[in-house]
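Please construct the entire structure, taking both the sequences and the accompanying hints into account.
Residue-level listing of the chains:
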Amino acid sequence: GAVVSQHPSRVICKSGTSVKIECRSLDFQATTMFWYRQFPKQSLMLMATSNEGSKATYEQGVEKDKFLINHASLTLSTLTVTSAHPEDSSFYICMGTGGNTEAFFGQGTRLTVV
Amino acid sequence: AQSVTQLGSHVSVSEGALVLLRCNYSSSVPPYLFWYVQYPNQGLQLLLKYTSAATLVKGINGFEAEFKKSETSFHLTKPSAHMSDAAEYFCAVSDLYGNKLVFGAGTILRVKS
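Quick note, the sequences are listed as chains W and B, same order. Residue numbering for the first sequence follows the numbering used here, beginning at 1 and increasing consecutively. Residue numbering for the second sequence follows the numbering used here, beginning at 1001 and increasing consecutively.
Hints are computed from structural coordinates only; laboratory data are not their basis.
With a Cα cut of at most 25 angstroms, we get these calculated DSS-like pairs of lysine-lysine:
(1) W:K55 x B:K1100
(2) W:K64 x B:K1100
(3) W:K20 x B:K1100
(4) W:K64 x W:K20
(5) B:K1100 x W:K41
(6) W:K66 x W:K55
(7) B:K1112 x W:K41
(8) B:K1069 x B:K1058
(9) W:K66 x B:K1100
(10) W:K41 x W:K66
(11) W:K66 x W:K20
See the structure below:
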């Protein structure tokens, strides 16, 4: 099946720094990319939806200035956690879809902010 | 609005025994329903999906699920558990093509030898 490659798989950063997470669709055009966050022992919560070439739509309670999403091409979407704090430590997962096709998840990124 | 309830955060079965993971959904429109499996520190892998065709859906690794509209359920089953089935399983609902999935809280399946 199609693949979404997400990097890095793990990252540890200092409080106050920014971290960029990339998701690339390798063999399909991801017109839409969804970004999810999963806290320990909890389910996945949708953070934002981005369509290629458009501004992302954020779910209620998600700070758009803190979680910057860029979806400049049909094969690349990025999530930047700005001024990270320990409470941002989580598992972040992207999910790409070409529209009327199956959606595919990235491998996830374990972010730890110390 | 759509929502998913997974009954039982942890399920433990013996190897070779029946696996039953429960999922009930709420949706104001005809739902698309999904089961995903997540192994530790990995992303999610699609097991199977219901998209308004056959109500009994067969997926990978011997899993299947039956859509029951009258019960608003989409329970996941496997006749005989294998050690490699130990993982966390998520039921999810969407309104169209699997976009903007709403996930249940997840069920951790433990398989005892």
